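In order, the protein sequence lines correspond to chains U and R. Under numbering that gives the first Met the number 0, read the first sequence as residues 0 to 272, first letter to last. Under numbering that gives the first Met the number 0, read the second sequence as residues 0 to 253, first letter to last.
It is possible that some hints are incorrect.
Said to hold, decoys possible - Here are some chain U residues the structure puts well away from chain R; computed CB gaps all over 10 angstroms: (1) Trp42; (2) Phe47; (3) Ala49; (4) Arg104.
To be verified - Quick list of the computed label-pair ranges, beta carbon to beta carbon: (5) Ala241/R / Leu15/U: 25 to 35 angstroms; (6) Glu78/U / Ala155/R: 17 to 27 angstroms; (7) Phe137/U / Leu99/R: 31 to 41 angstroms.
Since the hints were derived computationally from the structure, they do not count as laboratory data. This structure is a prediction, so every number in the text was calculated from the model and none was measured. Here a beta-carbon is modelled for each residue, glycine too, at the ideal position from N, C-alpha and C.
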Amino acid sequence: MSAVPQTVALPRTFALGPRAQRTLIRIATGVILLFLWEVLVRWLAPPFVARPVTIARALPHVLAGHVPLATPPFWGSVEATVIAVFEGLAIGTVAGVLVGLTMGRLRLADRLLRFYLNAFFAMPILAMVPLMTLWLGFSGSVRLAIVSLGAFLPICLNVYDGTRSLPANYVEVAQSYHARWWNVWFGIALPASLPYVLAGFRLAVGRVLVGATVAEYIVSLKGLGYLIVYDGRTFHQPVMMVAVLVLALLGVAINVAADVATRRLLPWYRRSE
Amino acid sequence: MTTSSERLRGSLVSVAGLIVGAGIWELVGRHTQQSSFAPFSKTISALWGMTKSGQLPRALESSLELFGAGLGIAIVLGFFIGLLLARMRTLRIGLEPYILMLYATPMFALIPFILSLFGFEFRAKVIVVALFGIWPILINTLEGARSVNLDLLEVARSYRSTEPKLWRHVIIPYTLPYTMTGVRQGIARSLIGVIASEYLLAATGLGNLILTYTNQFDAAHVLAAVLVITLVATLLMMLGRAIENYFARWKAGV
């Protein structure tokens, strides 16, 4: 019941589409957050603490590879961490799928290993890093071991859950057609648990990034984790924050890639959560 | 259909698995250097020694205190911010991408920044632990509060339920199971935060125990500390799952 007569044309210049409106709100919020950060740090914190302005000023130099003297190289660190993260995700995914399938299909393996899997999954993997330095020395193997383990556990647990929730009649139908065990494992159980693999993969990405950076810090390995702590301690905070930004982007990018892969490869699967 | 004898056999196999694991641990430990690995028996005696000297209980208490304070803050803030964002559309749309980005950032990377703002004592470590734990709690609460069944709200409104009553009797009970799923994930993440902050900020608690004995190449004591962390973590996860199930109990019948 509006008082405005129907014939009067309302000015439409300010009517943004819902999409544009969203983007505008998001950009505005971002600007406000950056402004608050800038003002609060300038006002309350010591001058070496990173602010958006100093980070923006450092950004082109760091991206061009010019870091302050005697600090770790930027792109070399990025490369080392990215390679370790992908190696760990690859090893962890393959091993996690195989062990998870085995535990889901063989009751003996399930009963023998279930306790270990749950305990290792619950434990913060960081607690293992110093121990690994005793086993493997102060080398890149520590990072690789931590990263692989960090990816293995969530994927294995998820595949195990996925395989166990496999509808029994799938297997029964297959068996009535004389399917061999490998047909059941790799032809039925594995495809059915693919959504679980992806859910585990998402969990794994977070764990792997933390694992890689902490291992780099404790072992003093070239990588983003080491660079962040080193630059943080030597009052090069803007450079440090660029590295943090790269890590955040890496995390987001892998998750987005996993999402796109889910939609392209598993169109029949919709997340119910 | 599992009969009780079958279940008994199942748990026997699990126990056998544990005994075999301890046996392998013992055997491997006896044939490796003392500085890198220790047999099960030596680990247990190291555990006993640290318990008797009061070192382990003190470390455990300090770590759990940090964990409790950080997770507590994460739960309270995560729950209220989640509800607030579910209610305020503009704020939610504006903050959503930044929250998801922080969720994806390894919080470890922000520790040096927090160090420069808040120092390296207990306060800074609590902030780190809370930052590790808050995101799943916040996001799950937000999802839960947004998915409240409209029928429920309409029925409550048609009986002239006031806004505070609507919250108390419909929205919050509906949201809590979602929050508790987030809390379970938050427990695991906060625990990582405890160890990470004990490594990087003032070294205390179980993290300090691990670092100290690693520097002394004393594998038995390191293994004992890792064992304690694993046990504590497993217990906390079981507790988290129990809390989650308790709050989700009304969902089971639907």
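Here is how each hint holds up against the structure:
{"no.": "1", "hint": "Trp42", "result": "holds, 12 angstroms"}
{"no.": "2", "hint": "Phe47", "result": "violated, 7 angstroms"}
{"no.": "3", "hint": "Ala49", "result": "violated, 7 angstroms"}
{"no.": "4", "hint": "Arg104", "result": "holds, 16 angstroms"}
{"no.": "5", "hint": "Ala241/R / Leu15/U: 25 to 35 angstroms", "result": "violated, 48 angstroms"}
{"no.": "6", "hint": "Glu78/U / Ala155/R: 17 to 27 angstroms", "result": "violated, 57 angstroms"}
{"no.": "7", "hint": "Phe137/U / Leu99/R: 31 to 41 angstroms", "result": "holds, 36 angstroms"}
The structure shown violates the earlier hints numbered 2, 3, 5, 6.
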